[in-house]
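Each protein sequence line maps, in turn, to chains A and B. Residue 42 in numbering that gives the first Met the number 0 is what sits at position 43 of the first sequence, and the numbering runs on without skipping anything. Residue 41 in numbering that gives the first Met the number 0 is what sits at position 42 of the second sequence, and the numbering runs on without skipping anything.
Please keep in mind that the hints were generated in silico from the structure rather than gathered at the bench. If a hint is listed, it holds; no wrong ones were tucked in.
One copy or any two copies: either way a pair holds, since identical chains are not told apart in the list.
When the alpha-carbon atoms are kept at most 27 angstroms apart in a straight line, the in silico BS3-like pairs for lysine-lysine are as follows:
{"id": "1", "residue 1": "Lys-8", "residue 2": "Lys-114"}
{"id": "2", "residue 1": "Lys-8", "residue 2": "Lys-48"}
{"id": "3", "residue 1": "Lys-114", "residue 2": "Lys-48"}
{"id": "4", "residue 1": "Lys-117", "residue 2": "Lys-8"}
{"id": "5", "residue 1": "Lys-145", "residue 2": "Lys-8"}
{"id": "6", "residue 1": "Lys-117", "residue 2": "Lys-48"}
{"id": "7", "residue 1": "Lys-117", "residue 2": "Lys-136"}
Protein chains: 2
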Amino acid sequence: MRHKENYEKHVAQRRAHYESEDTNGRLVINLRDISHTMRDLSEGRGSQKRVLILLLETGPITQRELTERLGIQPGSASEVVAKLENAGLLTRTESESDRRTVDVTMTGEGERQAKEAKSQREGRHREMFAALSEEEKSQLLGLLEKVNRDWESRYAQRQCHHQGRHGKHGPHSEQEGHELRHEGSAEDRPHCNHDCLNCPNPCGKGRALRESGR
Amino acid sequence: MRHKENYEKHVAQRRAHYESEDTNGRLVINLRDISHTMRDLSEGRGSQKRVLILLLETGPITQRELTERLGIQPGSASEVVAKLENAGLLTRTESESDRRTVDVTMTGEGERQAKEAKSQREGRHREMFAALSEEEKSQLLGLLEKVNRDWESRYAQRQCHHQGRHGKHGPHSEQEGHELRHEGSAEDRPHCNHDCLNCPNPCGKGRALRESGR
Numbered sequence: 000m001r002h003k004e005n006y007e008k009h010v011a012q013r014r015a016h017y018e019s020e021d022t023n024g025r026l027v028i029n030l031r032d033i034s035h036t037m038r039d040l041s042e043g044r045g046s047q048k049r050v051l052i053l054l055l056e057t058g059p060i061t062q063r064e065l066t067e068r069l070g071i072q073p074g075s076a077s078e079v080v081a082k083l084e085n086a087g088l089l090t091r092t093e094s095e096s097d098r099r100t101v102d103v104t105m106t107g108e109g110e111r112q113a114k115e116a117k118s119q120r121e122g123r124h125r126e127m128f129a130a131l132s133e134e135e136k137s138q139l140l141g142l143l144e145k146v147n148r149d150w151e152s153r154y155a156q157r158q159c160h161h162q163g164r165h166g167k168h169g170p171h172s173e174q175e176g177h178e179l180r181h182e183g184s185a186e187d188r189p190h191c192n193h194d195c196l197n198c199p200n201p202c203g204k205g206r207a208l209r210e211s212g213r
Numbered sequence: 000m001r002h003k004e005n006y007e008k009h010v011a012q013r014r015a016h017y018e019s020e021d022t023n024g025r026l027v028i029n030l031r032d033i034s035h036t037m038r039d040l041s042e043g044r045g046s047q048k049r050v051l052i053l054l055l056e057t058g059p060i061t062q063r064e065l066t067e068r069l070g071i072q073p074g075s076a077s078e079v080v081a082k083l084e085n086a087g088l089l090t091r092t093e094s095e096s097d098r099r100t101v102d103v104t105m106t107g108e109g110e111r112q113a114k115e116a117k118s119q120r121e122g123r124h125r126e127m128f129a130a131l132s133e134e135e136k137s138q139l140l141g142l143l144e145k146v147n148r149d150w151e152s153r154y155a156q157r158q159c160h161h162q163g164r165h166g167k168h169g170p171h172s173e174q175e176g177h178e179l180r181h182e183g184s185a186e187d188r189p190h191c192n193h194d195c196l197n198c199p200n201p202c203g204k205g206r207a208l209r210e211s212g213r
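Just chain A, with the same shape it has in the complex (with noise of 0.2 angstroms):
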């Protein structure tokens, strides 16, 4: 009981807040709404049906790149790989191109598994912008590039190995300008909130900030 009228006076909070807001408050909460649900209805980074999908795009690579193209901690990689060794998904063999890591390859069940994941997470895409016309979508789709292609420079000392992330929102994101934005040491910069293994100056405070819950 107390919980309902606690809940109730958070919403109404909440919309009172919302009220508020100027347009680019309200672009913001917006923002963080559809980000907090995207969170919740995606497979999860180091999850094995984004390893399945994954693979059945590259086809069979090493663990290595496997776990770069992931942007997760090498043991969860090995850990999430284990288990679908395991349930006879894949197979992990002695690399022929490097030694220091092993090749993995799809079994024909982890094929049909990993067909089936993927278009699971089509279907769910979309169904999140159901409620949009092809035409909104478009539109949506080109403001948000702009807004993108506009972080890419406006941000990018804080972005940091995000370009890696973000360079490639629309034909402007061929722009110069990457080294530069990556030279010094990563004590000189802006913490990043990601893990990604692929930045040139890698920070790794992002994650332990985030776990601290800040």
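Go by the hints and put chain B onto chain A.
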């Protein structure tokens, strides 16, 4: 050197992946990138600045209510409040309305710093959308609200107490069905990824999952 090569390969892979996606997939990628940058830019849920800004909006409140509004653990709230008290930015006094908690009141210097933090946040929000015209911003806001309104009903089960977060987007947010969505025990529902203390049925699984790195 190896880092730089890896990094360039990574950017190329990301771009190829982006281009292989349809509109829905690209929307997801853009929204995810935006949420990553936004997280880097924000003050942080339990940061001193956020507490000050909140107190500016609410005026003196109990520490219990402050904790609920921040949506963080009581221990974290205690910690940040103690820091602000030690810095002379707020005072804690016995609460007259609720003996189990204390009243939190900003000092003059606290208010000054709160106003500064609020104006920094507003400046940041302006800057974030500076690439868009006023018309584009309204368009974007309208589309995001449409998506969020749709998700409120579509993913109600998943969103759990996010109704509290979402129950405010535009004219359809007064819809019925709130209670219904919150029936059943926490175990019956999928986990939620948030730690809102106002959820009538908090499941508490989200935080654990997030911290396990999934």
